[in-house]
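Enquirer: Construct all of the structure, not just a fragment, from the sequences and the given hints.
These protein sequences, in sequence, are chains A and B. The first sequence begins at 1 in my numbering and counts up by one. The second sequence begins at 1 in my numbering and counts up by one.
Hints in this document: simulated from the structure, not taken from any laboratory. A few of these clues could be false.
What the hints assert, rightly or not - Which stretches of chain B does chain A cover? Using the computed rule of at least three CB atoms under 8 Å from a CB of chain A, they are:
| hint | region |
| --- | --- |
| 1 | 101-109 |
| 2 | 310-323 |
Unchecked claim - For each label pair, taking beta carbons as the anchor points, the in silico distance ranges come out as:
| hint | chain 1 | residue 1 | chain 2 | residue 2 | range |
| --- | --- | --- | --- | --- | --- |
| 3 | B | 335 | A | 334 | 27 to 35 Å |
| 4 | A | 334 | B | 60 | 58 to 66 Å |
| 5 | B | 331 | A | 28 | 46 to 54 Å |
| 6 | B | 158 | A | 243 | 26 to 34 Å |
| 7 | B | 143 | A | 203 | 38 to 46 Å |
| 8 | A | 334 | B | 252 | 29 to 37 Å |
Even for Gly, the Cβ is constructed at its ideal location relative to N, Cα and C.
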Amino acid sequence: MNNVSVTEKKQLNIPRNFIRVLVPLLLLLGVCILASLAFGSRMIGWGELLDGLFHPEVQSHEANVVRQRIVRTVFSLMCGAALGVAGALMQSVTRNPIADPSILGVNTGASLFVVCGIAFLNISSADQYIWLAIAGAMLTAIFVFGIGSMGSGGATPLKLVLAGAATSAILSSLVVAVMIPRSNVMDQFRFWQVGSVGAGNWDSIITFVPFLVVGILIAIFTGPALNALALGDEVATGLGVKTGTIRLVAALGGVLLCGAATALAGPIGFIGLLSTHVIRLLIGPDLRYIIPMSALSGAIILTVSDVLGRLIGSPGELEVGIVTAFVGAPILILITMKAKIRAL
Amino acid sequence: MMMNETITINSIMRSRLKRRRRFILVTSVLALLSFALCCAMLMLGNTIYPVRDVIGVLLGEQVKGATFTVGTLRLPRMIAGVFAGFAFGVGGYIFQTMLRNPLANPNVIGITTGSSAAAVFCIIVLHASNTVVSIASVIGGLVTVLVIYGLSKGSSFSIGRLILIGIGLQAMLNAVISYLMLIGKESDIPTAIRWLSGSLNGAKMETLSPLVLTVVLLTPIILYFGKRLEMLELGEQAATSLGVDTNKTRLVLIITSVLIIALATATTGPIAFVAFLAGPIAKKLVGVGFSNIIPAGLIGVILVLASDLIGQFAFETRYPVGVITGILGAPYLIYLLIRINRKGDL
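Expert: Listed below in structure tokens is the structure:
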């Protein structure tokens, strides 16, 4: 009995500083949540914070503000986790360090479908958005990856990014074309398009839960096989992994996660890129650990960005999509500068 | 031996002559086509005016109705289209040739986004005058080029790195534009949407002078240095041995083409894909070996004017020109990407 657990531990091969990373991240998460509840255009003190959280009978204005911020915080944690895991999945499926839904144009595909839904099908509820966004995200992902992986060398980062940028440009032309004759759609879409977690409510959270759960489960179950995939297709096949199936399932999980998050919060870029890279830097390349940790770091990064946006944009807010672009794009540039040319 | 040499020289001369003829033929056809589109731009609309009236208005006569419609509405629109199209075509061609990659055009590497961001900032935040907007968009474009170049230089230069860095930078600049559009007043939004995709709507005579002047003044310079660009195409060393100061040529060409692209962007917004399509089409029509600057510019003009006519009249709603070029250009872009990937140039 003892023996088995020992060998299991050996197989699991916990990264050296896993605990040393996990504990601070969890602490950070706690701080984030508190900050997200307390900070904003109106600062909330400790007393009111506790009132809002644990004393439903207190009806002060501050306590109500805190209660409203709970929804927002939960929603941003969920979106962040979804985008973080989606990033990890896409990076390992495409075996490409800079794969991120926003860079691959997948967000724009989701946008186009949502706009068409608003314009032609009179759709306005979140659970209808979601399926459209997922369909759009999926078609775009297939298309971009198809073009990007043509020719020798497969899907190199540069090819994928260019295919993504080009597709994105085309899709945004279509978005504008659908929008221009309909000024009401334009106004609705203008705010969705930036990407914000402020619009989240309990309904959207409830709609989101099944997608989040299924996506993360897919990610966790495909993790070991994706590890094998990282060694190359031949090695993976030799280890008994069905490479095609695994890629497909993992990509599906990624699209499900980022499509759902995009549908509810609007296109938020760079979370997947940022969270996965930070985690890989900290705990190494084992995907079984990267995936859950990316969820954690994604949630942290998105929530921090949201709080930052509220502080910078006070008395209004700076939408989180704008903040993440500002934090994420430099990281993309840094990765590019550090990468060896041959790897591009 | 001697015979052989004369034959080769002869055949080279002959093929050169053939190419020159083809160049002249293609250029004149393109020029005619541009001219025809210009006339169409002036004549067509809700009311169709005959050539006589249009010429009358252009000569300064007072023609009832036509003076306002043609002189105040259609003429500035046409001029904006011609000069912006030319600027995008020429600028795009210069960049593509210089970086030896059809994908490395001002749209993809984010120069137009830099200009847009600067211009939108001036319009929405500073409520600045047209001159300030033009200057700011030029500065925005130049700064973007400098930053991209500076960051991609590093230990060893590669076009791939440059493109990736440009795309990253573009994401940030786009975030700036979205933010500015959100804080902008509702009434500014129609103007601001012009910055999402270019449009010739609202072109006014008095706002066109910076673009027109710059294009007229800089085109000769670009043509002069463009001749050396052909030699640059042979490769750095070959060009140097032919006596071309490669660094100076590059610098002059980058600055001049960014100038005209930025001013065109300030006037019409980023008209999608024109800078990207003009060069490859020109190369296909004329062939390699001749400086294709003028044909590329004319193709830019044709693309913009034709797309604007389509956008105005083909559908129930009027679409801005950028949407049409975006949709028309898309299949070609995809085709080009596929071809490049197949060939494995990247």
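Enquirer: Against each hint, give a clear statement of whether it holds in the structure.
Expert: Quick rundown of the hints versus the structure:
| no. | hint | verdict |
| --- | --- | --- |
| 1 | 101-109 | holds (count 3) |
| 2 | 310-323 | holds (count 6) |
| 3 | 335/B to 334/A: 27 to 35 Å | holds (33 Å) |
| 4 | 334/A to 60/B: 58 to 66 Å | holds (59 Å) |
| 5 | 331/B to 28/A: 46 to 54 Å | holds (47 Å) |
| 6 | 158/B to 243/A: 26 to 34 Å | holds (30 Å) |
| 7 | 143/B to 203/A: 38 to 46 Å | holds (45 Å) |
| 8 | 334/A to 252/B: 29 to 37 Å | holds (32 Å) |
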